[in-house]
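Taken in order, these protein sequences are the chains called G and C.
First residue of the first sequence: 1, per this note's numbering; consecutive thereafter.
First residue of the second sequence: 1, per this note's numbering; consecutive thereafter.
One or more of the hints may lead you astray.
[Said to hold, decoys possible] Derived, one-sided and incomplete: chain G residues facing chain C with beta-carbon distance under 10 angstroms:
(1) V205
(2) P208
(3) A218
(4) A221
(5) R274
[To be verified] Label pairs and their computed distance ranges (CB to CB):
(6) C/R73 <-> G/R351: 31 to 39 angstroms
(7) C/R73 <-> G/L13: 57 to 65 angstroms
(8) G/R139 <-> C/T71: 22 to 30 angstroms
(9) C/E61 <-> G/S44: 48 to 56 angstroms
(10) C/A22 <-> G/L36: 41 to 49 angstroms
(11) G/R139 <-> C/E61: 16 to 24 angstroms
(12) G/A162 <-> C/V69: 34 to 42 angstroms
(13) G/R139 <-> C/R73: 23 to 31 angstroms
(14) C/T71 <-> G/A412: 29 to 37 angstroms
For the record, the hints were derived by calculation from the structure and aren't laboratory data.
All values derive from a computational prediction rather than experimental measurement.
Ideal placement from N, C-alpha and C gives every residue a C-beta, glycine not left out.
Letter by letter, the chains look like this.
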Amino acid sequence: MQALLSYDQSPPLSAPLRFFLTAPLFLVLAGALGVLEGEALFASRWTPAALAATHLVTAGFMLQIMVGALIQILPVLAGANLARPRLIAGIVHPGLALGALALALGFLQSAPGWLHAAGVLLGGSLTVFIGAAGLAIFRVPSTSPSIRGLKLSVIGLAVTVASGLFMLLALAGGWAVPLMPLADLHAAWGLGGWAGILLAAVAYVVVPMFQLTPGYPAKPAWRFPLLLMAALLLWSLAWAVSAEALQRLAQAALAVGGLLFVGQTMKLQAARRRARPDSTFRYWQGALYASLLALLMLLASAVHPPLAGVPAWMGVFGVLILLAGLSAFIIGMLYKIVPFLLWLHLQPLARPGKPVPPMNKLLADKDGLGQWRLYLAALLLAVAAAIRPDWLAVPAGLCLMATAGWLWWNLAAGTRNYRRARLTAVSA
Amino acid sequence: MTRQAERVVDGRFMEPPQPFVATMEMLDTLQPGEEMQLLLYREPHPLYRVLQQNGHGWRTELQDDGTFVVTIRC
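With the hints as constraints, model all of the structure from the sequences given.
The structure is reproduced here in structure tokens:
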């Protein structure tokens, strides 16, 4: 852990932490939408409520944490130094948080003003981040599969942002352009090209490190990011020439690539040498099973497209890939990163005979395990709500609000413990 | 051969920061020009910086099983 995150060039604590502390609130808001909008949320992926909830989870929650984490770990994952991390975080964080809120409001109220504001805030802040991260990562040679993945994921984010901005302008301006195929492409780049490739690039390092597993075999690890990128380029070509068969081929390739990665990670986890399952392991285990199901659904609907029209199909897929899959991977990472960062930034205050509190005292793993159990309940309810939203959308929303609130509470409590330990050490 | 084998830190199933500490300890025992190897399932960028600061040379090779073999020259 120390090797991953510490280092003389560790950014100030506030740079990543500010993202981590606001992100869970967006999951709370997504749960609130489930309570308030109930059936509309699951009626179709194109309802204002569904679009708002999707982007509260992706732009509000996932993106914030991924950006905050990258600011912290780029130097140690790739030897790439992000210039002026405090300044970058100070610009990107408010832009992302306010932009995600404006985007959700814009979708909910079909309000061009909010959509324009979202475009400016998200477009501006993410351009700054992509520029800073790109400058840092493309300067270092691709000496490992992780570095190759990081580079490709930054490209994936850039395409996601560009396609998203175009759609925002089209929606706000009422342009007569077919948005649904582009929205599919935008989602594929966001979830596959950005989140998926980034997840793999990070997993190559953290899965062996956190769980004491064998390493990812080198050849597949080099090829996986390229396979995903090739599939996404094929999908983009299919969109440009309106070739449905080509799009289905690309979708199938994405699904197969994802399944290979998930299968490999499951195999490694089965060979882990750390006996006690902690909250990170539970989150990753759950996320792997959910991703397996979601990717099988993606593959099945590529082979047989009418499946995507089956009632609840897209709702179940969305819950599995976004909440049970990608978000769960991210939360599992948070439970390793946050206590370590708090501990690391207390180290300069340690004195002989007066060590700083251990990580488990700053953020206890039992709190993370409790929060995981409620998260699992929320996931099961959300999957069931996709099938019977009239009965279960409200309980699922309430449960998601509770577990996301608990996640925030755990992170905030860790921060309070850090401040208390700091005051104690300074006044001693 | 025996002496060479002794100069390997297999950090692949060690919890951080043990591989880093063990490597620095082994480096302390080497004479200038001698080499040691560190085995890890990740590329140790933090270690590279310390090696650079201390004037050590290194080369890294990624093997098929995912092991990074870092050969460090004292």
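Checked hints:
1. The beta carbon of G/V205 is positioned within 10 angstroms of a beta carbon in chain C (closest approach about 5 angstroms), and the interface hint is therefore held.
2. Taking 10 angstroms as the C-beta cut-off, the interface hint given for G/P208 holds, the closest approach to chain C being about 4 angstroms.
3. Hint status for G/A218 relative to chain C: holds, with the closest Cβ pair at about 5 angstroms, below 10 angstroms.
4. The beta carbon of G/A221 comes within 7 angstroms of a beta carbon in chain C, closer than 10 angstroms, and the hint placing it at the interface holds.
5. For G/R274, the interface hint holds, the least distance from its beta-carbon to any beta-carbon of chain C being 9 angstroms, beneath 10 angstroms.
6. Taking the beta carbon of each, C/R73 and G/R351 are about 37 angstroms apart, inside 31 to 39 angstroms as hinted.
7. For C/R73 and G/L13, the hinted distance range of 57 to 65 angstroms is not satisfied, since their beta carbons lie about 36 angstroms from each other.
8. One distance hint, 22 to 30 angstroms for the beta-carbon pair G/R139 and C/T71, holds here, with the actual separation near 25 angstroms.
9. Take C/E61 and G/S44: their Cβ atoms lie about 52 angstroms apart, and the range 48 to 56 angstroms holds.
10. For C/A22 paired with G/L36, a C-beta distance near 56 angstroms fails the hint of 41 to 49 angstroms.
11. The hinted window of 16 to 24 angstroms between G/R139 and C/E61 holds, with their beta carbons roughly 22 angstroms apart.
12. Evaluation of the 34 to 42 angstroms hint for G/A162 and C/V69 yields a pass: the beta carbon distance comes to about 40 angstroms.
13. Remark: the range hint 23 to 31 angstroms for G/R139 to C/R73 is upheld by a beta-carbon distance near 25 angstroms.
14. For C/T71 and G/A412, the hinted distance range of 29 to 37 angstroms is not satisfied, since their beta carbons lie about 46 angstroms from each other.
Checked against the numbered hints given earlier, the structure breaks hints 7, 10 and 14 and satisfies all the rest.
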